[in-house]
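K.L.:
Residues per chain are reported as follows:
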Amino acid sequence: MADNVYKSGSNLEKVLCRGEFAVTAELGPPKSADLEVINKKVNLLKGWVDAVNITDNQTAIVRVSSIAAGKLILDLGLEPIIQMTCRDRNRLSIQSDILGAYLLGIRNILCLTGDHQSCGNHPTAKHVFDIDSIQLIQIVKNMRDEKVFACGEEIKDSKKAEVKEPRMFIGGAANPFADPFEFRVIRLRRKVNAGVDFIQTQCVYDIDRFKNWMEEVRDNGLHKKCRILAGVTPLKSVGMAKYMRDQVAGVTVPDYYIEKIAKAKDPKAEGIKICVEQIQQLRQTEGVAGVHIMAIGWEEKVPEIVQRAGLRN
Amino acid sequence: MIQKAEQTNRGDVGIVLCDCGGTLRGRLDFDRLRKQLSRLPAVATVKLCSKFCQQNECTKAVKSLFRNSNHITRLVIGACDRGIFDATLHETMQGNSLGEGLLWCVNIREHCAWVTGTPEVATNKSAEVLTAAVRRVGLASAIESKKVPVNQNVLVIGGGVAAMQTAVALSHLGHRVTLVEKSKKLGGLVAEMPELYAYVASCSSDSASLVQSRVDELIKQVMGDKHICVQTAASLKSVKGEFGNFTCVIDSGGKEQVISAGALVLAGDSATTKSELAPLVHNGGEVPKRIAIVIDVLGEQGRSVSAGVLSAAELLTKRFGAEVKLYCHNIRVSTVGLEGLYRRARQGGVVIIKYESPPLISEQGNKTVVKVEEPLVGCEISEEFDLVIMGDTAAANGNNELLSLIEGLQPGPEETLQADSVWLLPTKTNREGIFVAGLAGGTDELRDAQTDGLATANQIHELLKNKEVEILDDAAVVDGDKCVLCLTCMRICPHGAVSIDVDNSVASISAVACQRCGICAAVCPAGAIELPRYTQKEIAAEVGDRPQITVFACENSAYPAATAAATNGSEYDAKVRLIRVPCVGKVDPRDVLQALERGAEKVIILGCHLESCQYLVGSTGAAKRTERLNRELEKAGVDNKRVVFGELASMEPAKFLEYVRICEGVKNEKHREL
Amino acid sequence: MIVAEQKPIEEIKGYLAGHKRILVLGCGTCVTVCLAGGEREVATLASILRLSSDSEVIENTIERQCDAEFFDAIKDQAASCDAILSMACGVGVQMVAKIFPDKPIYPALNTMFCGTNDGAGQWSENCLACGDCKLGIFGGVCPVTRCSKSLLNGPCGGSVDGKCEVDPENIECGWQLIYDRLKTLGRLDVLLENAAPRDWSRTHDGGPRRLSREDVAGL
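Chains as they are written, first to last, in the working numbering: chain W, -3 to 309; chain Y, 62 to 735; chain S, -7 to 211.
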């Protein structure tokens, strides 16, 4: 396909348009001005994934800004997906950052609501939430396709200047297991209506429940309107499994997995094995266009997982 | 005519002091007391008496106050515990224009003379306490009694044994009764399944028919009584009003009817295992072969559940030859006949399996599997059954509806309609004039249900035997100018006695429903509520200008405990002054702080054990308020050990002494002339 | 109703340190109803202050502190003091400061929110005074106030069993409430549409707001 037919021209977009099973991973920027951390993580992931998410002050803990880290990663040869939340920015800074990110060469953006500041390291801060994730998706889409700002003005420097719009590949998050359950597919549809191009889901452990959700997604034709990447996170230990089940909103871990890891001689290896099996099952599920591997603090395992799952050699 | 309260500076207080047949002469200097008290400007005269508890002595003493053209408008009695001379005093005061409100009794015997070491100190204490009483009574208002017309009719909700027995008994006592039953016929659960109540009659084989005949007899009595109006297929739609004047709407086959009554009896039933089992039992030959009954409640379940499942199990085994296994955490057999029933059930072949955690029940094909960890055998037992019945606790559907219809009605445990308080036994609810009988109150056993009915009828008759009830007009009063309609009093009142007077935009307290506990007065944020005889000013006057150890004593617990301590021969610091309150829920943090500001070294708030408060929440409220106050005092840098809350019962004098810190080595061995 | 709660006593004492004669002034409206600053609370606090310091503390309560006229009754009393502790909400405290510009005025309360009474002694926030009420759309449940993130296109996905991730014990997910309510009303169709970004200029974000009834103002 010719380049000008793509919405953004990003590698991720091309992979998905080609119908290949996409692989993305996640990278948390450092909590300091330490470039080495970024270099190290890029070296682990480069060549094994199609693009990598850069988190944006995730869990409301201050880290290097996602756009800055995204540019650094781009220069190191790995394609970034910058995450942008609505917690710390208003619509002015959001649009301003999108223009800037685009000029820096960033082409993928994941639009999120954002964790509440009370769970982070600056709980006394004021939050913004000028807009929410759906409104953000709409704004990014309008900037790209209608070539206007949120206020309706055309994106051009002066009356006589040329329109120069930022063209991003727009992502959103979906949680197949959140409350109210009956509402989750409707919310996905609303994101699609707002203009989302791809979706990354919250990590999946209960494959059966996920398949039920996918069935409903397919019944609504939504898998054709956006590309869905299922999230996976390898479990390191029983403690982690229980933590995910009890403390992380919207994640359920079947007892079956907890028992397996508890009984395993090498829990870590068992965790990787389970992750690989999950990816294989997800790949077989109709409508799943790729997988998003969130190996939190365990990025070094991503190449092994990708390889064993047969996604790369 | 009774005088309205005025600040007394002229001498219009009459005092009678009793020396208890002379026995107190050795402990109190009566001459000094008389001289000291006479010198008070508010006091007109002080009379001495020797046996105030004797009728002629009492009358003589009081009458002598009014001689010599003394203008007496207030009375102070310094004698023993009021309980001893109360009836006598009441008799004396008949026909006297001075009412209850303008009279105050001080216990100079049990609370002064008997508990203080030396006569001098005892006399000082008595003088101060009597002086405080003079101040207090000077601020009192007259309390009149009024007659409130009441409706002597009674509305009974329900149609079972308890309801019918209540109706019959009430009718015999002369009341007209309306019986409202939601199903089409009378008899309730017992009529539906007499076999399940057979255990109460005896072990004989025709006990079911005995039970049946008892029920039929009741039904005959009810139907034949022209003073009982029976409405079947009817349900209660709304309840308004208060004791003596309830207005209820019932729905009878789509038609609405308004019924007025002076009292309400809630005697309906709620769904239990029995109604689940009824169709099963009546189906006869179609009873499945293997049946499991599961009570999946940990801990103690109600007796009604035990009775239900055991009699069902026995019935299913004996009459229908089914194999029955009963799974439970334990079985309560604490009512007449239940132990026998338990034994018969087991002899009949019912197997009872106790568990530590509830069994897992799953469907497998057309069988149901029950899996349970059996603690004695130590392994999992899994069995198949044709039918599994859940023996749940009394379902609350019917009761929840009633609870929402009757404002302020507090439910009890297991969703019964009687709040869990010993003061409400046997059949009262927290709302005056509303009673429970039978299953609604948790009574399941047949004879107990009948007893409930009789007891309720008697209690109601005591209240409604005349066309009017005479009550003292001393209910809590709301000052309309101060009331901001915050609704706190309405929500907190444990007796549903507060409503909103919409026309006057003020909280309104019912004279018949108010129990005079004073809890509302202590919480009102605008200080708009006062309880007559326990107003803020009166209490402040009693606490006095120089309090030392002020004890706010609940009249149900601390006060009698103090009396008991005295009777037992104990002594304690003379600095202790008891301020009697109807409930510690009445104690206002402002009263406590005022005592502290006036120099009290300790303020002790002593009330009933939290779960035994006569007014349900009074003691708890006082405990919470004290906790909060102490926290604030501590943070402000004030010694918060000065304010203490304690719980005790009236027969715990040792506890009382613990709180007031008994003086060293003063256990008094002397006998006293009584 | 405005709901407020008393400040920690240490903070209050900190303000009053050094003042010799203090007036503790209560308010008979909102703060009386929410049990924070009415006559009873005034008496209690004044008492504690007297017990814990050498200052002279006098007390009074007026109908409302948000209207100037009610202060006439206590003008002399206030003049005789060298500090006033107002037990009103923030609005009242500022009015006291306006009326007695030469006196140090201190707040005894933290004004918390506009909310409802959930039963004796319990209140919860449910209106942020955003100036552009959308309750008609969301089934009578406010997404701005009841949702911790004020989302108009919620829920965020962080709720569990209808409880908000910010405080699962105490906060219900506002969007679960909206969903349930619209479901009862048979209006789930409302939730098929995306809501546009809201106009925050009508909230305080646009500056402190003013309001005027043209038929009454200036008469």
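Because the hints were derived from the structure by calculation, they are not lab data. It is possible that part of the hints are untrue.
[Stated by the list, open to error] Here are the simulated PhoX-like cross-link-like pairs (lysine-lysine), alpha carbons at most 20 Å apart as the crow flies:
id	chain 1	residue 1	chain 2	residue 2
1	Y	Lys696	S	Lys90
2	W	Lys297	W	Lys36
3	Y	Lys528	Y	Lys208
4	W	Lys256	W	Lys232
5	Y	Lys350	Y	Lys432
6	W	Lys27	W	Lys10
7	W	Lys256	W	Lys238
8	S	Lys5	Y	Lys696
9	Y	Lys685	S	Lys(-1)
K.L.:
Could you tell me which of the hints above the structure violates, numbers in ascending order?
P.N.:
1 and 6
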